[in-house]
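J.: Take a look at the letters that make up each chain.
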Amino acid sequence: MSDMSIESITEQYLDVLAELGNIGAGNATTALASLLQAKVDMKVPQVKLLEFKDVGAIVGGEEQEMVGAYLGVEGDITGSILFLVKKDVAMHLVTKMMMGYASGEFGEMEQSAFKEISNIITGAYLNALSTMTNMCIYPTVPDLAIDMAGAILSVPAIQFGIYGDNVLLIQSQISDDIEIDGFFIMVPDVESYEKILKALGLIQ
Amino acid sequence: MVVKVGMADLNVCASPDSIITMGLGSCIGVILWDPVSKVCGMVHIMLPDSTAISQNTNRAKFADTGIEELLEKVLLSGATRSRLVAKIAGGAQMFSVNTNSPTLRIGERNAEATKAKLKELNIKLVAEDTGDKYGRTVEFFPETGEYHIRAIGREGKII
Numbered sequence: 001m002s003d004m005s006i007e008s009i010t011e012q013y014l015d016v017l018a019e020l021g022n023i024g025a026g027n028a029t030t031a032l033a034s035l036l037q038a039k040v041d042m043k044v045p046q047v048k049l050l051e052f053k054d055v056g057a058i059v060g061g062e063e064q065e066m067v068g069a070y071l072g073v074e075g076d077i078t079g080s081i082l083f084l085v086k087k088d089v090a091m092h093l094v095t096k097m098m099m100g101y102a103s104g105e106f107g108e109m110e111q112s113a114f115k116e117i118s119n120i121i122t123g124a125y126l127n128a129l130s131t132m133t134n135m136c137i138y139p140t141v142p143d144l145a146i147d148m149a150g151a152i153l154s155v156p157a158i159q160f161g162i163y164g165d166n167v168l169l170i171q172s173q174i175s176d177d178i179e180i181d182g183f184f185i186m187v188p189d190v191e192s193y194e195k196i197l198k199a200l201g202l203i204q
Numbered sequence: 001m002v003v004k005v006g007m008a009d010l011n012v013c014a015s016p017d018s019i020i021t022m023g024l025g026s027c028i029g030v031i032l033w034d035p036v037s038k039v040c041g042m043v044h045i046m047l048p049d050s051t052a053i054s055q056n057t058n059r060a061k062f063a064d065t066g067i068e069e070l071l072e073k074v075l076l077s078g079a080t081r082s083r084l085v086a087k088i089a090g091g092a093q094m095f096s097v098n099t100n101s102p103t104l105r106i107g108e109r110n111a112e113a114t115k116a117k118l119k120e121l122n123i124k125l126v127a128e129d130t131g132d133k134y135g136r137t138v139e140f141f142p143e144t145g146e147y148h149i150r151a152i153g154r155e156g157k158i159i
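Protein chains in written order, with the numbering used here: chain Z, 1 to 204; chain V, 1 to 159.
Be aware that a few hints might be false.
[As the list claims (entries may be wrong)] Examples of chain Z residues lying across from chain V (beta carbon under 10 angstroms, computed):
#1 51
#2 52
#3 62
#4 64
#5 70
#6 80
#7 144
#8 146
#9 147
#10 150
#11 158
[As the list claims (entries may be wrong)] Derived DEER-like restraints, expressed as beta-carbon distance ranges:
#12 Z:112 with V:72: 46 to 52 angstroms
#13 V:157 with Z:203: 46 to 52 angstroms
#14 Z:135 with V:49: 29 to 35 angstroms
#15 V:158 with Z:112: 33 to 39 angstroms
#16 V:154 with Z:179: 28 to 34 angstroms
#17 Z:103 with V:57: 45 to 51 angstroms
#18 V:96 with Z:54: 26 to 32 angstroms
#19 V:126 with Z:178: 46 to 52 angstroms
#20 V:54 with Z:51: 17 to 23 angstroms
#21 V:17 with Z:14: 38 to 44 angstroms
Treat the hints as calculated values from the structure; they're not laboratory data. Built from N, CA and C at the ideal position, the CB exists for glycine as well.
Using the sequences and the accompanying hints, generate a full structural model.
T.: In structure tokens:
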């Protein structure tokens, strides 16, 4: 097992992630605009290294009801991705995508629509990472959870818990007619983490 | 007063206060309680086994070391070892993605490791609400020994 910890991440790696967030969010914005047939703007995403105890607060409290899409990552690296938005924001996106035919509840159709949105957004980030590292990376089919933020976030937090005591999170704000605060957490498996750093030229 | 416990964190409390952790997913909220002195403690564990991981300085993060540390803390706060009982909640599987990742079964493994540790320490597990696939907010009242469990879209329960 590697003794690399999240705490040992260099400033440089955070910069790389910020850049990844930028390109990813840029790709995602374009893809969302064409999917929703609307003008979509984005803010510069923020990369945050948080202690476990602060993770809940950043997304609006541990009990905030959110929708999370969880995907596996396969290819040259392995790991997982969580895309997380507040429930009302998720419903807004779904309603737009279904052109008014959404029921206002997360039924089968709405869940399926949200999975598609998650695919597009996570795909945009993975494409950015793939381009930067020259690696072949693709996501698996997503699974959704509609639940308390703390409970959903426990899944990536536990995976980060294997490396250290922090969670690395990309927060991006995309707006169409409302502001969409989306959280994006990527957890590479231990071996993949080193592969990414190597591909980026940050370690030998 | 309500004492708050965060992720990979622990704390103690005595009647009339209560102790809470919010939004438990695959993690487990373990309570050790002395019904006579009405002293209790809660640890919010994330992973089953500290020996499997090199980054293991935060003892509250793991079932094995977390429960040991909690035991020390409740004894220091006036609990009597022989009277201690345990209640546990959490350990859900939030997602069912089709990968081989062992971390997806982590809730179940956390519950197993917690029970094994309690057994090893000879502390009786008197109530549990673990598994399934939803988040839980849990609050324990050392005055009555009631462990209140809330979830979104479900009836609250008391164990």
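J.: None of the hints should be skipped; say for each whether it holds.
T.: Verification of the supplied hints:
no., hint, verdict
1, 51, "9 angstroms, holds"
2, 52, "4 angstroms, holds"
3, 62, "3 angstroms, holds"
4, 64, "8 angstroms, holds"
5, 70, "4 angstroms, holds"
6, 80, "7 angstroms, holds"
7, 144, "8 angstroms, holds"
8, 146, "8 angstroms, holds"
9, 147, "4 angstroms, holds"
10, 150, "2 angstroms, holds"
11, 158, "5 angstroms, holds"
12, Z:112 with V:72: 46 to 52 angstroms, "50 angstroms, holds"
13, V:157 with Z:203: 46 to 52 angstroms, "49 angstroms, holds"
14, Z:135 with V:49: 29 to 35 angstroms, "31 angstroms, holds"
15, V:158 with Z:112: 33 to 39 angstroms, "37 angstroms, holds"
16, V:154 with Z:179: 28 to 34 angstroms, "31 angstroms, holds"
17, Z:103 with V:57: 45 to 51 angstroms, "49 angstroms, holds"
18, V:96 with Z:54: 26 to 32 angstroms, "28 angstroms, holds"
19, V:126 with Z:178: 46 to 52 angstroms, "48 angstroms, holds"
20, V:54 with Z:51: 17 to 23 angstroms, "19 angstroms, holds"
21, V:17 with Z:14: 38 to 44 angstroms, "40 angstroms, holds"
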